[in-house]
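Working from the sequences, and respecting the hints, build out all of it.
As a plain string of letters, each chain reads:
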Amino acid sequence: MSLDRAHGHHLLKEMLRIRRLEEKSAELYGAMKIRGFLHLCIGEEAVAVGVLPSIRPEDAVVSTYREHGHALARGISARAILAEMYGKQEGCSRGRGGSMHLFDRATRFYGGNAIVGGGLPIAVGLALADRMQKRNSVTCCFFGEGAVAEGEFHESMNLSALWRLPVLFACENNLYAMGTALARSESVLDLVSKAASYGIPADSVDGMDVLQVEEAARAAAASVRDTGMPCFLEIRTYRFRAHSMFDPELYRSKEEVEEWKKRDPIEGLARLLSDRGLLDDPERRRIEVEVEKEIADAVEFAEAGTLEPLEDLTRFVQSERSTVR
Amino acid sequence: MSRTVTYREAVREAIREALIEDPRVFLMGEDVGAYGGCFAVSKGLLEEFGPERIRDTPLSESVFVGAGIGAALGGMRPIVEIMTVNFSLLAADQILNTAATYLHMSGGQFNVPLVIRMATGGGKQLAAQHSHSLEGWYAHIPGIKVLSPATIADARGMLPAALEDPDPVLIFEHSSLYNLKGELSQDAGKVAIDRAEVRRSGKDLTIITYSASLYKALEAAEELARDGIEAEVIDLRTLRPLDEKTFLDSVARTHRALVVDEGWRSGGLSAEISARIMEKTFFDLDGPVERVCSAEVPMPYAKHLEDAALPQKETVVAKAREMVRRG
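As given, the protein sequences belong to chains A and B, one line each in that order. Note that my numbering has the first sequence beginning at 1, numbered continuously upward. Note that my numbering has the second sequence beginning at 326, numbered continuously upward.
Bear in mind the hints are in silico, worked out from the structure with no lab data behind them. Some clues are possibly wrong.
As the list claims (entries may be wrong) - Partial list, derived from the structure: chain B residues whose beta carbon lies under 7 Å from chain A: (1) Val388; (2) Gly395; (3) Gly399; (4) Met401; (5) Asp418; (6) Met430; (7) Gln434.
For each residue, glycine too, the CB sits at the ideal point set by N, CA and C.
Rendered as structure tokens:
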């Protein structure tokens, strides 16, 4: 897709929606409106915004506990996401999941999985179901580079390649598994070669450049759809904020963070657009105002949300026959 | 009309029927295809149904159980076979953290219609990594159902019931039962999975058990009957959710309860059953609830040690006599 004004504005707005939602979430955490763990993806917005348009509405998405951006870019409303973090029943998981477990049947969003590596086998199975039912679908599976150390990564690479299953493995490499740098946990740092060793087509892309992510993801998704084989895409990114709200960030220097902030994916795109004459100040302000309104509306929605009655505590341990699909 | 079949054949017939009747059903696990199943349960199915539906997996319990969950979410009805309960620990993350949680964690949006079968239990001198009885441990977990077929009819009929269930069901097949022979009616099929069964009636005490221990309990009851002690024997069948009404009603009549469980005593299923009897029918009891469980050791290899570690007819008889003698 060539970069015209409309597309450029769309990408910018999508990334800003995530950024502002995350900033608001941090603020609401400070105000004790959101509790539990909160993992923000500020700095990593280009991943969700670049990858998710490469798959179709009927495709499936499996994600991690750092999934607000994926959920929003996939089409779950900011209202449903924030209400979930508020623990309200209007939330996308009725308040049962919270920040780490956003789910949505309508968009086939199979959850934030908070066990590192735990989502990969699920994605393999969803793709197996597609294959066995002769659907030409792709399952997009997000995971961090920390998952590469888990056995489930290797088991999933092997089985998906062996059985030729249509999974797009989107590995967000933000360099730190919580506080453990890749170099302190992996004997081989080249993630692409790990996937390639299973016979899986594998590539790596600059995750701070949404246009490059978009292009690489489109190629990877097309390859999965055309060949039925899995693909592995490493997206090199960086988390500007702490791992969670409890993280004092002892494991990296402020200078390193500042260095990466110079490569902010949002400001990078904005600069490119204005250099090419595709974005002026009033346009940027208009986009910001629209996003601000959406987030303010979501906060209002979450505030007005209701708590699930206590009688419902043990619902959904077993399916209710009437709701089984 | 009935015919004589083995427990193994009964399970195979159930799998075969499901494969024929429902195109969404498939079987996957280690050595289920070319080898014919570690316990020969799936022998011949690869030839009949082909590799798409009888899937040999790598030795990767976590991914093939997780793939079973994903395939179930994607509209299939997978039967996942894990060789033994000890190996299921390599997939414990997927069973506990995903299969059991998805429906609740997603606010009711994603149910997981998955069936996992595995062998359990000791008695074959397979030592400490192939012989344990962890079904009671799985019965601790909300979000899954735990079935334990002891009879040929249940081996035949629990699988179709499990496949109809919209949520994850674990079926534990005791490895010493596969060669058990018994009568099966010509039209045998699905059985109820929501209740325990009284396998022998009696008035003097209630023996509550399940799986292979059922036969030890029944033999013990025969011997006790020769002394004039009439034991009622209850087969729990489903370990989660427990049908407590059946055993509570029985204990209220017999006033004595003995739990026979191949699992370990500490924190085990026998402790749960004992607690429920105390909570709900305490004043009907003539004496304390007693238990015959496996010794608290990893299962030893040597036969005399393994025999001593497992509940046996003799230990059940001795404990029952002691209870009745006490008054």
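Tested hints:
1. Here the hint on Val388 of chain B is kept, as its CB sits about 4 Å from the closest CB of chain A, short of 7 Å.
2. With its C-beta approaching chain A no nearer than about 2 Å, Gly395 of chain B sits inside the 7 Å limit, and its interface hint holds.
3. At about 3 Å, the closest approach between the beta carbon of Gly399 of chain B and any beta carbon in chain A falls short of 7 Å, and the interface hint on this residue holds.
4. Taken as an interface hint, Met401 of chain B checks out: its beta carbon lies about 5 Å from the nearest beta carbon of chain A, inside 7 Å.
5. Contact between Asp418 of chain B and chain A, as hinted, is supported at the beta carbon level, the nearest pair being about 6 Å apart and thus within 7 Å.
6. The closest approach between the C-beta of Met430 of chain B and any C-beta of chain A is roughly 5 Å, which is under the 7 Å cut-off, so the hint is satisfied.
7. This hint holds: Gln434 of chain B has a C-beta 4 Å from the nearest C-beta of chain A, less than the 7 Å allowed.
The structure meets every hint from the earlier list without exception.
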